[in-house]
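Enquirer: Here is how the chains run, residue by residue.
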Amino acid sequence: MNEPKQTILLVEDEPQMRRFLRAGFELDGLDVDEADTAQGGVRLATLKPFDLVVVDLGLPDHDGTYVIERLRAWSTVPIIVLSVRFHENEKVRVLDLGADDYVVKPFGMAELLARARAALRRKAPGTALQPVVTVGALSIDLAHRRIHVAGRPVQMTPKEYRLLEILAQHWGKVVTHQHLLREIWGAAHVDASHYLRILVRKTRQKIEVDPARPSLLTTELGVGYRLSSPTSAPIGASATGDAS
Amino acid sequence: MNEAAIGQDPGLLLKWSPPSEPWSRVLLHIGVGALLTAIFAPAALIVQSALGVKSVHILFLIPVIVASTRLGFIGALSATLAAAVVFAYFFYPPIYDIRVFSPDDMVALVMFVTVAAITSHLSAAARTHASVAARNYRQLELLYAFSSKLAASPGPDEILAAVREHASALVGRQVSVVTLDADEPAVSATGDLATLPAEVREAVLALADGGGLEGGRLVAEPGGDRRWLLRPFSRNAPRPGILVVELDASAVGDLGELQAGVGRLLREAALMLERLDLATTVSEAEVRRRSEALREAIIGSASHALRTPLASILGSASVLARAPAVAGDERLSSLSQIIVAEAERLNGDIQKMLDAAALSGAQLKPDLAWVDPADLVNAALEARRRELSEHDVVVACPQDLPLVKADAALASGALGLVLDNAARYSDPGTQIRIAATADGEYVRFSIEDEGPGLPADELSRIFEKFYRGSRARASTRGTGLGLWIANAFLAASLGRIAASTRTDHTGTRVTIELPAATPEEMEDLGGSDE
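Keeping their order, the protein sequence lines are chains A and B. Every letter in the first sequence is one number past the one before it in this note's numbering, and letter 176, counting from 1, is 176. Every letter in the second sequence is one number past the one before it in this note's numbering, and letter 381, counting from 1, is 1381.
Take these hints with a grain of salt, some might be off.
[Unchecked claim] Which residues of chain A face chain B? A few of them, derived with a C-beta cut under 8 Å, are: (1) E14; (2) Q16; (3) A23; (4) Y102; (5) K105; (6) F107; (7) S193; (8) Q205.
[Unchecked claim] Stretch-level coverage of chain B by chain A, calculated; a stretch enters the list once three of its residues show a Cβ under 8 Å from a Cβ in chain A: (9) 1302-1315; (10) 1338-1351; (11) 1500-1508.
[Stated by the list, open to error] Computed Cβ-Cβ distance ranges for the label pairs, DEER-style: (12) B:L1459 to A:A192: 39 to 45 Å; (13) A:Q39 to B:G1328: 41 to 47 Å; (14) B:L1459 to A:P15: 24 to 30 Å; (15) B:E1523 to A:V104: 57 to 63 Å; (16) B:E1523 to A:T46: 50 to 56 Å; (17) A:T157 to B:R1331: 54 to 60 Å; (18) A:R145 to B:R1331: 51 to 57 Å; (19) A:S75 to B:A1323: 43 to 49 Å; (20) B:L1459 to A:H87: 32 to 38 Å; (21) B:R1461 to A:V104: 29 to 35 Å; (22) A:V154 to B:E1523: 35 to 41 Å; (23) B:T1501 to A:A192: 39 to 45 Å; (24) A:V190 to B:T1501: 23 to 29 Å.
The hints are simulated quantities; they were obtained by calculation from the structure and are not laboratory data. The beta-carbon is built from N, C-alpha and C at its ideal position, and this holds for glycine as well.
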C-alpha cells in the first residue's frame, strides 16, 4: 500500500519515555514528531497536520490540559492523555476538555497502540458520516433509528435508544456520566447517576450476551461508559445458574 | 467560663471576718513605740542644752516615723503620745511638771500631735502597701515558678504535683491533691487521699459523690484542733479533683484570707491549665497539619519518582517484546515478558505502599454514589487481569442485584486487592470464585480460593497492617498490606470485610458487604424511562 504514513505528535518531557514511545509507534508503522514542552507541542501542531496527539499531563512549562485546550480551540485531532496519577475526577476533567482517551502510566505499548488505533480509526475520512455503527454483534442504524443484535431487530425504549445513539456517535471513546445525563435527562439531572446505572443495566440486558459481564457497553468506573468492539475477552468464565 | 464555680464560695460554711491583730502584739507595739521615744528623749535634751535649739519637738518626729514604718499605726500613736508627755514634762515650763500653761506651747503640742498622727498614718499606709506589694511580688514569683513547672509538665500527674507544690508554697500549709475519676460509675479518687485522715477522706468522697463540685467545705477533726479546708478544682481543670488544705489550731483569724488565697490559686491554675491545654491543642494541630502536608508531598514525589522510571522500563520492555528480532526468539521474548511482569508487580507493590502511607494519615473522603455491583466486580477483574491470568476465575454475578452505595474506586480497589491476595496465596491452575449475592440490606461479594486456608487464630489477624500468614511468609512474596488497605478502603466506603475458612473445599473465603438499595429505592433510582 502506498497510503501516506499516519503521523503522531508526542508531547512528553521524559526522554526515556519519548524513546520507547517513538520506537513502539514506528515499529507499528506510524511516524512520530516530538515536543518536550506544552508550548512546543502546540506550536508544532500549528505547523503541520497530525493524525493523533499523545500528550503527557505533567509537562515542565504547563499542565498537559493546556495543550488539550489550545488544540481544541481549532482542531478535532484525536488526543490521548498520559499520566502517572489519574484520579477519577482528573479523567473526567480531561475528557470534558475534549481529550479522546487516557492511559495511566506505567502502561505496555500494546495497550497504548490499541487506544491509538481506535482513535485513528474514528478519525479516518468518511467515518463521521457513517449512518450505521457496528460494534461486535451490535449495529446501530442512526439514520433509521434501529438496533440490531446479531442481525435480529431489538426493541428499545426511547431512553435506551438515546443512550446507544450518543455512545455510537462517540464509539470507542469514554462518554462521561455528566454528558450522558445531560443529553438524556436534561441539565437538571446531571447528578442523578443512578438513573444511568439502571438504564445501562436494562440496555445491556438487550444487547449483551452476558449482561453481567458486558463486552460492548463497558463501564469506566467513576468516569463514564464506552461503546467499543470487544478487544479482549472478559476475564473469567461466568458461572451459569446457581450451581456452586 | 464558669466564674461561679471558681470565683465564689457558695458552699463554704464560714463567714469571712477581717484580719485582726492579736492583743499581745498590740501591747508590744505600744510598748516599743513608747520606748523609742524614751530612748530618743535624752538625746533631744542634750541637743537642746548644748545647742540652745528652741523647737526641739520637731526632732521627736524621728521616733514617731521610725515607729510607724517599723510597727505600724498603733506603735506610732504610742510614740506620739509618749513624745507629748515628754514635752510637757521636760521641755515646756513648768519643767518636771506634766502641766503646760503657755498658749504657744499648747498650740505647738497640739500641732505636733496632729502632724505626728498624720505622718504616722501615712507611713503606716505606705508600709502596708509595701508589704502587700512584696507579698504580691512573692506570689508572682511563685506563680511564675508554677507556670514554668506547668509548661514543663509532660502529663496531668506532673501538673497536679505542680499545683500541690504551688499551693503549699502559697498558703504555707500542708496541701493535698485528690483527683477524681469521673468516668467511673462510682467515683474513685487517687492522689494524696491515702495520706488523709478517715473523716477527711469521707468528706472528700461525699463532696465528689454529690456531683456538685462547687464551693468547698470545712472539716474538723472530732475532738481535736485540726481542721481541713476542702476546695474543688474548677470544672475547666483537665480532670476533676479536690484540694485539701490542712489548717492548724491557730489559723482561726486568717481563715477568710486563706480561702481567698486558695480560690485565687485555683482560678489562676485553671486559667493556666486552660491556656496550656489550648496551646497544646493549637501546636498539635499545627504539627499535624505540617506533617500531613509533608506526607502528601512525600507520597506525591515518591509516586512520581518511582513510577516515572518504572513507566520507561515497562514501556521499553513492551516495545522490545514486539520487535520482530525478540518476538521471533522464544528465549528473548520470555526475558522481555519477565521484565514486563516484574515491573507490573513492582508497580502494584508501590501502589499498595503509597495507599498505605496515604491511609495512615488523613481520613479518606469517599465519593459515595449508587453503583452497579457488577461494575465493581468487572473493574476489579479487569484491573487484576495479569495477576489472575494463571487461575481459573469463575464469576457469579446475577443481573438483578440491587445497586450498592459505595465509593466506586475504593470498593473495586478493595475487591481487586482481595482477588490479588487470592491469586498470590493459591496455586496456579486452581479456581478463584467471585460471587455477588443480595442479602437483605447488603450485597455480599465472596471471593473464594483453593489455597491452603488459614488457621483459625490467623483469620482475624490478616487485616492487620504488615501481617502475613505463617504458611505464606516463606513461600510467597508480599507486603502484608493488601488486605489491610482493602479493610481501610471499605471502612471509608460504608462497607465491611471478613475472612473465614471454606467448608466445602480447602481455602479461604473473604466476604465484602456493601449497603444495598431497598426494592422501593430501586424503583426511585431508575427514574422514568419514557
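Enquirer: Each hint: holds or not?
Expert: For each hint, the structure was consulted:
Among the interface hints, the one on A:E14 holds; its C-beta lies about 6 Å from the nearest C-beta in chain B, closer than the 8 Å criterion. Taken as an interface hint, A:Q16 checks out: its beta carbon lies about 4 Å from the nearest beta carbon of chain B, inside 8 Å. Checking A:A23 against chain B by beta carbon gives a least distance of about 5 Å; that is within 8 Å, so the hint holds. Evaluation of the A:Y102 hint against chain B yields a violated restraint, the C-beta minimum of about 14 Å exceeding 8 Å.
At about 4 Å, the closest approach between the beta carbon of A:K105 and any beta carbon in chain B falls short of 8 Å, and the interface hint on this residue holds. For A:F107, the interface hint holds, since its Cβ comes within 8 Å of a Cβ in chain B; the closest pair sits about 7 Å apart. Because the closest C-beta pair between A:S193 and chain B is about 6 Å apart, less than 8 Å, the hint holds. Interface hint at A:Q205: satisfied, since its Cβ lies 6 Å from the closest Cβ of chain B, which is below the 8 Å cut-off.
Proximity of the stretch 1302-1315 of chain B to chain A, defined as three or more residues with a beta carbon under 8 Å from a beta carbon of that chain, is established by the 11 residues found. Closer than 8 Å: that is the beta-carbon criterion, and the stretch 1338-1351 of chain B has 4 residues meeting it against chain A, so the requirement of 3 holds. Counting residues of the stretch 1500-1508 of chain B whose beta carbon lies closer than 8 Å to any beta carbon of chain A gives 1, which falls short of the minimum of three for the stated coverage. Between B:L1459 and A:A192 the Cβ separation comes to about 41 Å, which falls inside the hinted range of 39 to 45 Å.
Between A:Q39 and B:G1328, the C-beta spacing of about 42 Å keeps the proposed range 41 to 47 Å intact. Here the CB-CB span from B:L1459 to A:P15 is close to 50 Å, at odds with the stated 24 to 30 Å. Here the CB-CB span from B:E1523 to A:V104 is close to 37 Å, at odds with the stated 57 to 63 Å. Hint check: B:E1523 to A:T46, Cβ distance near 54 Å, so the stated range 50 to 56 Å holds.
Between A:T157 and B:R1331 the CB atoms are about 57 Å apart, so this pair conforms to the stated range of 54 to 60 Å. Take A:R145 and B:R1331: their Cβ atoms lie about 56 Å apart, and the range 51 to 57 Å holds. Evaluation of the 43 to 49 Å hint for A:S75 and B:A1323 yields a failure: the beta carbon distance comes to about 33 Å. Range check, B:L1459 to A:H87: about 34 Å between beta-carbon atoms, so the 32 to 38 Å window is met.
Checked against the hint of 29 to 35 Å, the pair B:R1461 and A:V104 passes, with Cβ atoms roughly 33 Å apart. A C-beta distance of roughly 25 Å is found between A:V154 and B:E1523, which places it outside the suggested range of 35 to 41 Å. Between B:T1501 and A:A192 the CB atoms are about 43 Å apart, so this pair conforms to the stated range of 39 to 45 Å. Between A:V190 and B:T1501 the beta carbon distance is about 46 Å. The supplied range of 23 to 29 Å is therefore violated.
The earlier numbered hints that this structure contradicts are 4, 11, 14, 15, 19, 22 and 24.
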